[in-house]
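Top to bottom, those sequences are chains A and B.
The first sequence runs contiguously to residue 289 in my numbering.
The second sequence runs contiguously to residue 606 in my numbering.
Worth flagging that the hints you see were computed from the coordinates, not collected in a lab.
One or more hints might be untrue.
[Stated by the list, open to error] Covered by chain A, according to a simulated footprint, are these stretches of chain B (three or more residues, beta-carbon under 8 angstroms):
id	segment
1	396–402
2	529–541
3	560–568
[Unchecked claim] Among chain A residues calculated to face chain B with C-beta under 7 angstroms, some are:
id	residue
4	Thr88
5	Met96
6	Phe103
7	Leu107
8	Ala110
9	Ala168
10	Asp172
11	Ile263
12	Val264
13	Phe266
14	Phe269
15	Ala271
16	Leu273
17	Ile274
Don't be surprised by glycine CBs; every beta carbon is placed ideally from N, CA and C.
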Amino acid sequence: MFAQTFVNGLLLGGVYGVATIGFSMVWGVMGIINLAHGAYIMMGAYFSYMLASRLGIDPFVSMPLVMAALFCVGFTVQHLLLNPVMRTSVLLTLAMTFGLELFLVDLFVALFTSDIRSVNTSYSSQALAVGPVLISYVRLAAALLSLTLAAFLYLVLTRTRLGQAILATALDREAARLMGIFPERIYNYTAGIGAALAGAAGSLASTLFPISPGLGNSFIGAVFVITVLGGIGSVTGAVAAGFVYALIQSFAASYLGVNYQEIVAFGLFLAILIVRPQGLFGKRFFGEV
Amino acid sequence: MSGKRQLILATVLLIAALAAPAFVGNYWLRVLTTVFMFGVVAQGLNVIVGFAGYHAFGNSVFFGIGAYATGIGMTLGLPVWVAIPVAVAAAALIAAVLGWPFLRLRGHYFAIATVALNAAATEVIINIGGVTGGAQGLPLPFSSLPPTLLYRIIYFAMLATLVLATAIVFWLSRSRLGYALRALRDSESGAEVMGVDTVKAKILAWTISAAMTGSAGGLWAYWLTFIEVGTAFDISISVRGYIMMLLGGMGTVIGPVIGAALFQLVGDAIWSHFSGIHNLLLGALVMAVVLLVPQGVLDSLSRLRPPARRPRRAAEA
Chain A
1 MFAQTFVNGL LLGGVYGVAT IGFSMVWGVM GIINLAHGAY IMMGAYFSYM
51 LASRLGIDPF VSMPLVMAAL FCVGFTVQHL LLNPVMRTSV LLTLAMTFGL
101 ELFLVDLFVA LFTSDIRSVN TSYSSQALAV GPVLISYVRL AAALLSLTLA
151 AFLYLVLTRT RLGQAILATA LDREAARLMG IFPERIYNYT AGIGAALAGA
201 AGSLASTLFP ISPGLGNSFI GAVFVITVLG GIGSVTGAVA AGFVYALIQS
251 FAASYLGVNY QEIVAFGLFL AILIVRPQGL FGKRFFGEV
Chain B
290 MSGKRQLILA TVLLIAALAA PAFVGNYWLR VLTTVFMFGV VAQGLNVIVG
340 FAGYHAFGNS VFFGIGAYAT GIGMTLGLPV WVAIPVAVAA AALIAAVLGW
390 PFLRLRGHYF AIATVALNAA ATEVIINIGG VTGGAQGLPL PFSSLPPTLL
440 YRIIYFAMLA TLVLATAIVF WLSRSRLGYA LRALRDSESG AEVMGVDTVK
490 AKILAWTISA AMTGSAGGLW AYWLTFIEVG TAFDISISVR GYIMMLLGGM
540 GTVIGPVIGA ALFQLVGDAI WSHFSGIHNL LLGALVMAVV LLVPQGVLDS
590 LSRLRPPARR PRRAAEA
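In isolation and in its complexed conformation, chain A is listed as follows (with noise of 0.2 angstroms):
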């Protein structure tokens, strides 16, 4: 029971991660809290159904196609929707991604229905075996995947020169103007990657989760609460704290109650947020908030 429990939070925490990267990058860079993060989750959760049942490719396979599509829906509704705004107040941003949130979730249950709708390949059900533990094999593709997108992006922000533009904006946007970066652009891009690893973590959550357009909303709660966890705009403190959540919330579940794994994790959240706002880990990533 413990090793299960166990095993299960370390498989979801992954996916967890995934989710919270895009959405604390977002927070950490332009200090946008985009609330329309889960419904970017749940976007790729559907393109991924759509693939696997029009096309028959399998989710896993399809992904980069879905990131690429996020991407571009990340870039354009940051430069036509989000840019104006931020000239004028950022803290309006929060309306206009909550307006954005409404749009899309009403948009998809125009389009495909609020029926439950579920991604099943031939592997769904198998599990592998280690003692008394089973292993789902999605489970686990999904976890590694997420690890891998994670080490990716981490990689492509310390290693490459826009990477380091991002950064760079973060810290100080008038300082990087100075250097030649159009902070506008950087900031598409980053809307651009964001959106994309939402697209990326919907894509791991059709395989996992049961679909319809409410999907986002059971995210973005745990999306929170890992971002402020792990320490706003950190790459690797959303993979840690991704874990410590999942963790945290399938002992709840499994010893407390189902009932309970929510008060856990707000609980926690206000804690953390009274107690120490900088996340768990310290120190932080990118600029301040």
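Once you have looked at the hints, place chain B on chain A.
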């Protein structure tokens, strides 16, 4: 929009609101009562967001507390005119106590902490059970008054609450506290240096805000006669109030009222004609407001006329 014109507009609206029940049917009476209710919520947000600059997205927690305290009070046998003031006091007290840790958080952190507070309150009500009715909801004692009279009384009570809330905001706009809040909104350390007790001012602002929101919630509970956590602590109550405040113009005196009326009436037109995709249109409306009239419609309207003299606006910008 100048203070004088705002005053004229407010007077005209008030006369229209007082006369309306004589001319309209039950449907419009209900729509207008809802407009007033959201007007109060929007004014509550105006105090904490528009004046103090603390974006309390989860202010709906005080709506829920007002509703539940009223419901519990009436279940325990208090008459409604005692239960609602007690509920308002409860909401204000909770805001004053929670204000100390919460208002130390800035910007986004505060906004999210209030959202989490709202979610936590929901869970607490469900898990306490007992007198709150838990997940089953809480039915309030029925009134012996005939429904038509009762709905008229609630209409005027909601209107009176809105007038009172607007009067408080008007007082705030020219009081010492109001200046202190606007100073700390623009620069907290700057206000501190100028001798403003920022902690006290912020907590006072949130307490006033909570009292307003709580009174709307209390009246709403009495109006509905049945409340449950999902609807009483619905985050969309404060988000709508936020949008209304934004639409009318935050930090103005009657802006939030205008915003509430515009949003609710337009929303109602959308609701009745496009059932099924109303969130889609609502979301599009929110995005359009933020993109096109971020300073509020009052401001946009006054820009249509040649500006006479606007030294105040220049100082604010």
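Hints violated by the structure (listed by number, smallest first): Numbers 9, 10, 12 and 15 - these are the hints that the structure violates, sorted from lowest upward.
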